[in-house]
Amino acid sequence: MCGIIGYAGFRNAQSVLIECLKRLEYRGYDSAGVGIIDKKLSVCKEVGEISNLEKNIPTMKGTMGIGHTRWATRGKVSKENAHPQVSGNKKIAIIHNGIIENFQSLKEELQQKGHKFSSQTDSEIIAHVIEEEYADTLENAVCSALKKIKGSYALAVISEQEPEKIIGARNESPLVIGVGDNENFLASDITALLNYTNRVIYLDDGEIVVMTKNSIRVIDGKKKKLTKKEKIVNWDVKDAEKSGFDHFMLKEIYDQPESIRQLLRGRISEIEEKINFPERVESILGTEYDSIHIVACGTSFYAGLVGKYLIEQLTKIPVFVELASEFRYFGIKKDTSLVVAVTQSGETADTLAALREAKSAGCKTIVITNVIGSTATRIADAYILTQSGPEIGVAATKTFTSQILTLFLLALKEASVRKTLGPDEIYHYILQLKKLPSQVRKILDNIDEITAIAKHLKDAQSVFFIGRGIYYPLSLEGALKLKEISYIHAEGFASGELKHGPFSLLTKDTPVIAIVASDETYDKMITSIGEVKAREPPVIAIADEKDSEIEKHADFVLHFPSNGLPLSGISIAVILQLLAYHVAKLRGCSIDKPRNLAKSVTVD
Amino acid sequence: MKAIILAAGEGKRLRPFTETMPKVMLPVANKPILEYVVDSVKNSGISDIIMVVGYKKEVIMEYFKDYKDIKITYVMQEKQLGTAHALLQAKKHLKHPFIVLSGDNIIDQKSISKLIDEPSKYSILIKEHSHPSKYGVVFVEKNKLKKIVEKPKQETGKFISTGIYKLPNTIFNYIETLASEGVYALSSVIQFIVDSSEEIRVITAESWMDIVYPWDLIRVNEAMIHQSSASTSGTIEKGVVMKGAVSIGKDTTIYSGCYIVGPVVIGEGCEIGPNACIFPSTTIGDNTVVHPFNEIRNSVIMDDVHIASHSTISHSVIGMGTHIGNNFSAIPGDTTAEIEQEFKKLKDTGVMIGEDSIVGDGVATEPGIIIGRQCKVSSLNRITKNIPSKANVM
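Line order of the protein sequences matches chains R and F.
One point on numbering: in the working numbering, the residue at position 274 of the first sequence is 274, and numbering is uninterrupted.
One point on numbering: in the working numbering, the residue at position 388 of the second sequence is 388, and numbering is uninterrupted.
None of these hints come from the bench; they were simulated from the model.
Treat the hints with caution; some may be incorrect.
In silico lysine to aspartate or glutamate, EDC-like type, Cα no more than 16 Å apart, as pairs [as the list claims (entries may be wrong)]: (1) R/K242 x F/D195; (2) F/K57 x R/D246; (3) F/K147 x F/D195; (4) F/K12 x F/E340; (5) R/K76 x R/E54; (6) F/K56 x R/D246; (7) F/K56 x R/E357; (8) F/K134 x F/E340; (9) R/K334 x R/E357; (10) R/K242 x F/E58; (11) F/K144 x F/E78; (12) R/K434 x F/E268; (13) R/K225 x R/D181; (14) R/K231 x R/E258; (15) F/K347 x F/E366; (16) F/K376 x R/E545; (17) F/K65 x R/E258; (18) R/K274 x F/D251; (19) F/K390 x R/E545; (20) F/K390 x R/D246.
Computed far set for chain R versus chain F, every beta-carbon distance over 10 Å [said to hold, decoys possible]: (21) N56; (22) P163; (23) E164; (24) Y329; (25) G564.
Partner residues are not named here, just some residues of chain F that face chain R (Cβ under 7 Å, in silico) [said to hold, decoys possible]: (26) E58; (27) N287; (28) V289.
Every value quoted in this text rests on a predicted model; they were computed, and no experiment measured them.
Don't be surprised by glycine CBs; every beta carbon is placed ideally from N, CA and C.
Excised from the complex, chain R in its bound form (with noise of 0.2 Å):
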């Protein structure tokens, strides 16, 4: 995973790429680089952060060319392997996100006609095999180029030969052209342009577009022209600033009363009792089917988890929660079943391998994601938006309460086609969804109480949590929010399981956050909470704001607002995030960027 962008135009390209590339920078961050053409080519690549190479590149002159922000995958990171690649004859410049599969085979073939590669990336062979087959135009190089390269690849092509042009295509990983005046522009995702334009194209997988600062030409692999059609986006690039707040995550978490209201828009009518979806969502809702398998990566895959209790809890159907990577190659996709992928991008790579073999095997296919005009949302049958907003964090967190929301709708609705629910039950819940962003503020504004917590963990080596039911998979997210931005090692455990194992591990010094729902299980939770205080570690209950009985059993208690019982789980999500973050900002961490990981991943 890696962040591309071009630029054609009349500004200095230094300057607009070293721009565009910051907003980049959450797709990969360990070394960056620019090619830029002012009659010769000259690249500047570093290691490091972007501002890091924009600290050392000297003054380039020229208004088009190249930049990369890397996120290794092939070869380490080094001054080398970072991108601008250039060929052989030092005259052609590319960027590439993504993994050329052939590379070893194009490697020997090209080292027997006398090629010398100077990088251990797989992408040093795209610029070396267009060198190749360059022999009238860059286009018919690059078309030629694309034939025997197999892979995935967003690609931008530049040669000092042809100055005025840059080359871009697609297959499998994110590209957009911006269309400006007098300029235009080439990257992997539209928020990095925003600050120039908000006309967009969305290129297709197998497309190649031949840019220059005032022509956009896309055509398919067999060169036939194609008629696209421009976009208007409607976020603000300075929806991607901080807005006053220290990090995006907190801002984003903040965001969050906002983010649900604005999930809820429309999406729900109190006087009419009903769940209104788009069109295409409502007909696949409305077919037979006898189970739904949940397809999603990460903290999606957390949200999905959730979504499995509150369907099945609502409307009786079984459901399935798959890994992306593991069910694209394993999963049984029956024609029967209704897949439902969960990707806050809609370009995460395995969620999209997932939906494909679903499709191909008949599934009907639903997504839900973040980002309209996403690849997932142009392959699934219907596809449903959880509107958050740009989410810049790397650790999601917005996006996590929206999705577990939007299955919560999916759920009404379903509940409501097949009436296992009354309309007063919908209503009920209705309600309780509206008091929503009134009690996420509530949680946001006893900040203290929570920062008063993270002072206790901070110097966890290990931290334990656990939960029953829905309150289980919330218990993942939270060990994984906690070890993904504080890099203490957390581990979420479904609290019956604690005596099948996990309990060898627990000390007084491994603290355990358990989440008690005052729900028939609550007995149960209690006794857990004995069972570890018998090994004596330190036991932080987040407990409903009713539960006046557990301050007696925990040493600490964060408490919730008390909500019906599955919507409580939003308060306790934000809880948990809240924690993570405060634990790792007393921890000193780079919370937006934690090591090695990156926002969206669109390799396998």
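Chain R is already provided as a structure; the job is to place chain F on it using the hints.
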């Protein structure tokens, strides 16, 4: 020319509404007060604003990230010591003459243009006021400022300072000198400049509005709601009657049998009715639900509010996320209210309820009552005293 807008203050007298947002972000006809100020500045041709922020700055920065066609640079004032101190924080951004305004006073564009066009080095906008002693009273001779007296004990003069000035950047020499003596109020600096026999020209503002107490929101809302254009989107069912200027946001549904008399502004994603009556000078925020058989008149209802059926709400302000039960009655009338140890005579005023409170069924509130944020009032209570935030009334 640049403009500097002072928006760092908290607005203690506007609690509970300012507990979660700075005073400048309080909504008037579904737009923050500060946006009116920024609009006027922009329409007077200025394209570069320095905004001094402090208390709850994130709310301001988050809102204005979408603001178009104007450059906003934020400057932090950590402690709100005074207006001159606030100005000092922006010194490095102000190399040329500039305009200074407070973000919590609504001002018209024409007055700002007059100030910009005035050739003199120093100028001030003033306004006639019926209760000048609450403000900086100005004394003028031949269009020149003679004296400025902050909150005089006796009623004297009739013109007040709007706090809007055009100033040269040399004023920072004066501000720094006085700040070293512990003087942080801009009006004191201005008085010092007058005393140093500099000439300060006086210009009368056309329209200027101040918001000091919660009920001022009703008055200012009434005055500004006329400026909103009547535009209807969303769904309006058959059998809805709308008269006068009514503005309805997208994704809002007005159910059959509603009677709406403008000027009324209703935000996005609301559900109103069936059979609800909304009378003039009422603003309703986003995602608010008004159930059947309600009467709402001359009130400000913010976002996410939930009003169950058969309630009467007039001359009132209902904060974001508040839930009101059936048969609620906000009795309007005359009263004397106490805020921050000051007593204020009020005419025809209903109730002020802060953010995220829950009011049960059949509750009645006496005129001018202030209920705080996150309060719980259980059913069938009659509220005769102000209720502090986070309190429960059993």
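For each hint, the structure was consulted:
| no. | hint | in the structure |
| --- | --- | --- |
| 1 | R/K242 x F/D195 | violated, 45 Å |
| 2 | F/K57 x R/D246 | holds, 12 Å |
| 3 | F/K147 x F/D195 | holds, 9 Å |
| 4 | F/K12 x F/E340 | holds, 8 Å |
| 5 | R/K76 x R/E54 | violated, 22 Å |
| 6 | F/K56 x R/D246 | holds, 13 Å |
| 7 | F/K56 x R/E357 | violated, 49 Å |
| 8 | F/K134 x F/E340 | holds, 14 Å |
| 9 | R/K334 x R/E357 | holds, 11 Å |
| 10 | R/K242 x F/E58 | holds, 9 Å |
| 11 | F/K144 x F/E78 | violated, 34 Å |
| 12 | R/K434 x F/E268 | holds, 15 Å |
| 13 | R/K225 x R/D181 | violated, 22 Å |
| 14 | R/K231 x R/E258 | violated, 25 Å |
| 15 | F/K347 x F/E366 | holds, 13 Å |
| 16 | F/K376 x R/E545 | holds, 14 Å |
| 17 | F/K65 x R/E258 | holds, 15 Å |
| 18 | R/K274 x F/D251 | holds, 15 Å |
| 19 | F/K390 x R/E545 | holds, 14 Å |
| 20 | F/K390 x R/D246 | violated, 28 Å |
| 21 | N56 | holds, 28 Å |
| 22 | P163 | holds, 34 Å |
| 23 | E164 | holds, 32 Å |
| 24 | Y329 | holds, 42 Å |
| 25 | G564 | holds, 15 Å |
| 26 | E58 | holds, 4 Å |
| 27 | N287 | holds, 6 Å |
| 28 | V289 | holds, 5 Å |
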